[in-house]
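*Asks:* The lines below spell out each chain.
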Amino acid sequence: MNDEISAYLSSLERRLYWMDRKKRKDVVMEVNSHLSERVSQGESPKKAIESFGSARSVASSYLRVYGFGIGFISMLIVIGAALAIFTVPGVFLQSSEFIGIDWISLGFLAAAIALILISSFNGGRRAGVAVGLSECVMRFIVLGVLYAQGSIIVQDATFGLIGFIAVSIILPLIGYLSSVKPRKFESEL
Amino acid sequence: MPKVSIEWVAELKRGSIQLCLLALLTQGSKYGLQIINELSEMSGGFFDLKEGTLYPALRRLEERGYLKSEWVERESGIPRRYYRITEKGKAVLTEATVVWKEMVQSAEGILRGVKK
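Chains A and B, in that order, are what the protein sequence lines are.
The end of the first sequence is residue 197 by this note's numbering, with every number in the run present.
The end of the second sequence is residue 133 by this note's numbering, with every number in the run present.
Next up, chain A with everything else stripped away, as it sits in the complex (with noise of 0.2 Å):
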């Protein structure tokens, strides 16, 4: 294979990396196949490389149609409910020690979400749905260990526990919701 392909399809493979590791392959080896039929036709490879499109552009393309794979997707699970523990109100904070707001876990909790947008935009739907509930899921969780424990806030506060309910139920809804944008064909048309 010539060089400047073999360096291109690397470039494209490496921006590829947030892909299922199977369909990353095919679409190397589909990117390949033109790049070398092009250049059997006696077209010069920085040539066909130049009117493919940038590695850049071109594996944007393809994230958009096929998202992140289950890896990826698993390891942002794993960080999202990592995150999730600390967006509970309490886990820091033993509850006659807390008066009003937990800003420790609201600054999570704006990380919480940051990380399903980031999620959701780049990786699809599936990526921001899955974080999103894990995060929910593990807010649950971690209140149910502290309720036990008899140190959450929210035990004795009716409409804190709305509010958490209510904040853990947006979590996934989110992750849905900014993965909802027009089909659009490429724009570089």
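Please keep in mind that the hints were generated in silico from the structure rather than gathered at the bench.
The structure presented is a predicted model; accordingly, all values stated were derived computationally and were not measured.
Errors might be hidden in some of the hints.
What the hints assert, rightly or not - Each computed PhoX-like pair below joins lysine-lysine, with the alpha-carbon atoms no more than 20 Å apart:
hint, chain 1, residue 1, chain 2, residue 2
1, B, LYS85, A, LYS33
2, B, LYS85, A, LYS30
3, B, LYS30, B, LYS118
4, B, LYS85, B, LYS107
As the list claims (entries may be wrong) - What follows is a set of in silico ranges between Cβ atoms, one per label pair, in the way DEER data are often shown:
hint, chain 1, residue 1, chain 2, residue 2, range
5, B, TRP88, A, GLU51, 21 to 29 Å
6, B, GLU87, A, ILE78, 17 to 25 Å
7, A, ILE112, B, GLU119, 58 to 66 Å
8, B, VAL89, A, ILE112, 24 to 32 Å
9, A, GLY79, B, ALA124, 44 to 52 Å
10, B, VAL115, A, VAL86, 42 to 50 Å
11, B, GLY62, A, VAL86, 49 to 57 Å
12, A, GLU12, B, TRP88, 19 to 27 Å
Here a beta-carbon is modelled for each residue, glycine too, at the ideal position from N, C-alpha and C.
Given the structure of chain A, go ahead and fit chain B onto it with the hints provided.
*Replies:* Below, chain B alone, put in the same frame as chain A:
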């Protein structure tokens, strides 16, 4: 072609390219480069697609179940990936063609009316 904004032309193409891809594949299985060449030739260069955008578009149609693809080994050279239209794709194409014809007729009616 009149010099209108590139974005405007892209918008117009965007609405019809998937229909054209499905229609082209009713003629039989084709591989990417062949599709690019035939689309360009049949449209007099109007659908001169960027290669790096055609392949993801084909994959999108495949993900939706409108196309199927398979690798075909060749005696000389590396294998090619051939795309063919599915029954679901044919049904969608039939439906979309009816809408397309209505849309073109309606738009032409409006354009003629405006010209008068």
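*Asks:* Determine for every hint whether it applies to the structure shown.
*Replies:* Verification of the hints:
The straight-line distance between the Cα atoms of LYS85 (chain B) and LYS33 (chain A) is roughly 18 Å, inside the 20 Å bound, and the hint therefore holds. About 17 Å separates the Cα atoms of LYS85 (chain B) and LYS30 (chain A), which keeps this hinted pair within 20 Å; it holds. A C-alpha spacing of about 16 Å is found between LYS30 (chain B) and LYS118 (chain B), which places the hinted pair at or below 20 Å, so the restraint holds. The suggested pairing of LYS85 (chain B) with LYS107 (chain B) holds, with an alpha-carbon distance near 12 Å, which does not exceed 20 Å.
Our hint of 21 to 29 Å for TRP88 (chain B) and GLU51 (chain A) holds, since their Cβ atoms are close to 23 Å apart. For GLU87 (chain B) paired with ILE78 (chain A), a C-beta distance near 23 Å keeps the hint of 17 to 25 Å intact. Between ILE112 (chain A) and GLU119 (chain B), the C-beta spacing of about 59 Å keeps the proposed range 58 to 66 Å intact. At about 59 Å, the beta-carbon gap between VAL89 (chain B) and ILE112 (chain A) misses the expected band of 24 to 32 Å.
Between GLY79 (chain A) and ALA124 (chain B), the C-beta spacing of about 47 Å keeps the proposed range 44 to 52 Å intact. At about 49 Å, the beta-carbon gap between VAL115 (chain B) and VAL86 (chain A) stays in the expected band of 42 to 50 Å. Our hint of 49 to 57 Å for GLY62 (chain B) and VAL86 (chain A) holds, since their Cβ atoms are close to 51 Å apart. With their beta carbons about 24 Å apart, GLU12 (chain A) and TRP88 (chain B) fall inside the hinted range of 19 to 27 Å.
The structure shown violates just one earlier hint, number 8.
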